[in-house]
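Q: All chains, full assembly: derive it from the sequences and hints.
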Amino acid sequence: MTFTLATWNINSVRLRAPLVCKLLSEEGPDVLCLQECKSPVDKIPTEEFAALGYTHMIARGQKGYNGVAILSKLPIEDIGAHDFAGLGHARHIAGRLENGVTIHNFYVPAGGDVADRAVNDKFGQKLDYLTDMRDWAKDGGLSKSILVGDLNIAPREDDVWSHKQLLKVVSHTPIEVAHLSDAMEAGDWHDVTRADIPEGQLYSWWSYRAKDWDAADKGRRLDHVWATGDIAASAHSSRVLRAARGWQQPSDHAPVFATFDL
DNA sequence: ATGGTTGAGGTTCAA
Numbered sequence: 001m002t003f004t005l006a007t008w009n010i011n012s013v014r015l016r017a018p019l020v021c022k023l024l025s026e027e028g029p030d031v032l033c034l035q036e037c038k039s040p041v042d043k044i045p046t047e048e049f050a051a052l053g054y055t056h057m058i059a060r061g062q063k064g065y066n067g068v069a070i071l072s073k074l075p076i077e078d079i080g081a082h083d084f085a086g087l088g089h090a091r092h093i094a095g096r097l098e099n100g101v102t103i104h105n106f107y108v109p110a111g112g113d114v115a116d117r118a119v120n121d122k123f124g125q126k127l128d129y130l131t132d133m134r135d136w137a138k139d140g141g142l143s144k145s146i147l148v149g150d151l152n153i154a155p156r157e158d159d160v161w162s163h164k165q166l167l168k169v170v171s172h173t174p175i176e177v178a179h180l181s182d183a184m185e186a187g188d189w190h191d192v193t194r195a196d197i198p199e200g201q202l203y204s205w206w207s208y209r210a211k212d213w214d215a216a217d218k219g220r221r222l223d224h225v226w227a228t229g230d231i232a233a234s235a236h237s238s239r240v241l242r243a244a245r246g247w248q249q250p251s252d253h254a255p256v257f258a259t260f261d262l
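Our numbering applies: residue 1 is where the first sequence begins, and numbers increase by one.
No lab work stands behind these hints: they were computed from the structure.
It should be emphasised that the depicted structure is a prediction, and the values quoted were computed from it without experimental measurement.
Each hint should be verified, as a subset may be incorrect.
Claimed, not checked - For lysine-lysine, the following DSS-like pairs were computed, each having C-alpha atoms within a straight-line distance of at most 27 Å:
no.: 1; residue 1: Lys164; residue 2: Lys211
no.: 2; residue 1: Lys22; residue 2: Lys218
no.: 3; residue 1: Lys218; residue 2: Lys122
no.: 4; residue 1: Lys168; residue 2: Lys211
no.: 5; residue 1: Lys138; residue 2: Lys122
no.: 6; residue 1: Lys168; residue 2: Lys218
no.: 7; residue 1: Lys138; residue 2: Lys164
no.: 8; residue 1: Lys122; residue 2: Lys63
no.: 9; residue 1: Lys73; residue 2: Lys122
no.: 10; residue 1: Lys164; residue 2: Lys22
no.: 11; residue 1: Lys122; residue 2: Lys168
no.: 12; residue 1: Lys73; residue 2: Lys22
no.: 13; residue 1: Lys73; residue 2: Lys144
no.: 14; residue 1: Lys73; residue 2: Lys138
no.: 15; residue 1: Lys144; residue 2: Lys211
no.: 16; residue 1: Lys43; residue 2: Lys22
To be verified - Computed Cβ-Cβ distance ranges for the label pairs, DEER-style:
no.: 17; residue 1: Glu98; residue 2: Asp121; range: 18 to 24 Å
no.: 18; residue 1: Gln201; residue 2: Asp42; range: 20 to 26 Å
no.: 19; residue 1: Pro75; residue 2: Asp42; range: 31 to 37 Å
Note that beta-carbon positions come from the ideal geometry of N, C-alpha and C, so glycine has one too.
A: In structure tokens form, the structure reads like this:
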């Protein structure tokens, strides 16, 4: 069975419901994982998605901030959400498909502006969140699992427009990269996107603040698709739908796709 | 601890 999944930080699912519908109808992934829905679950426009065949949704939400959802053509069972680092935020949801594959959808804290937990609580919370992800993965004995989401870290030198200029910028600091790497190793997670696209600059986010995001191309790869070894061992392919960053009233993130031969 | 822009939900915070 071929299975296609996409992950997209939508930055308000209500404002951008038309863009979600555009993606679903033009690309037709089996599953779409959304982050930063910024909406209570009961205010997500599920009927619009159901009309396109996405009749299943599991989600966690809160008013104004955070929020994660999984839209699916296939039945998906809600298997719960973890409150990593005890923040009380809607940043994780997990679901299981009927073929036994588990999907974890994450929205890791952005971490504020200053990369020093002594003066910036948000940076400390981000590191704690990642440490908690590491311990959870280590204790979980994870298998047949896919982890996606806005992890708010661009780990590789070629995941950012300038490694040197971003070394002290939150999202690309060595301490964040080390924490992400620890979480990855603890869960036997494999970076599916970079296994499929090993060479060259690759981004999934471009700031709203650039005058011309496309021309400047000062992007970062903040959005990820990981899989446990059993799934990563089967055939897969990946792409970033960069064009979506140029759609009308866009999210600042582009969707990342992965297709698996399960 | 700049400036630039965006969204939600209220006159600011988070990203």
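Q: Need the list of violated hint numbers for this structure, in ascending order.
A: Of the numbered hints, 7, 9, 10, 14, 15, 17, 18, 19 do not hold.
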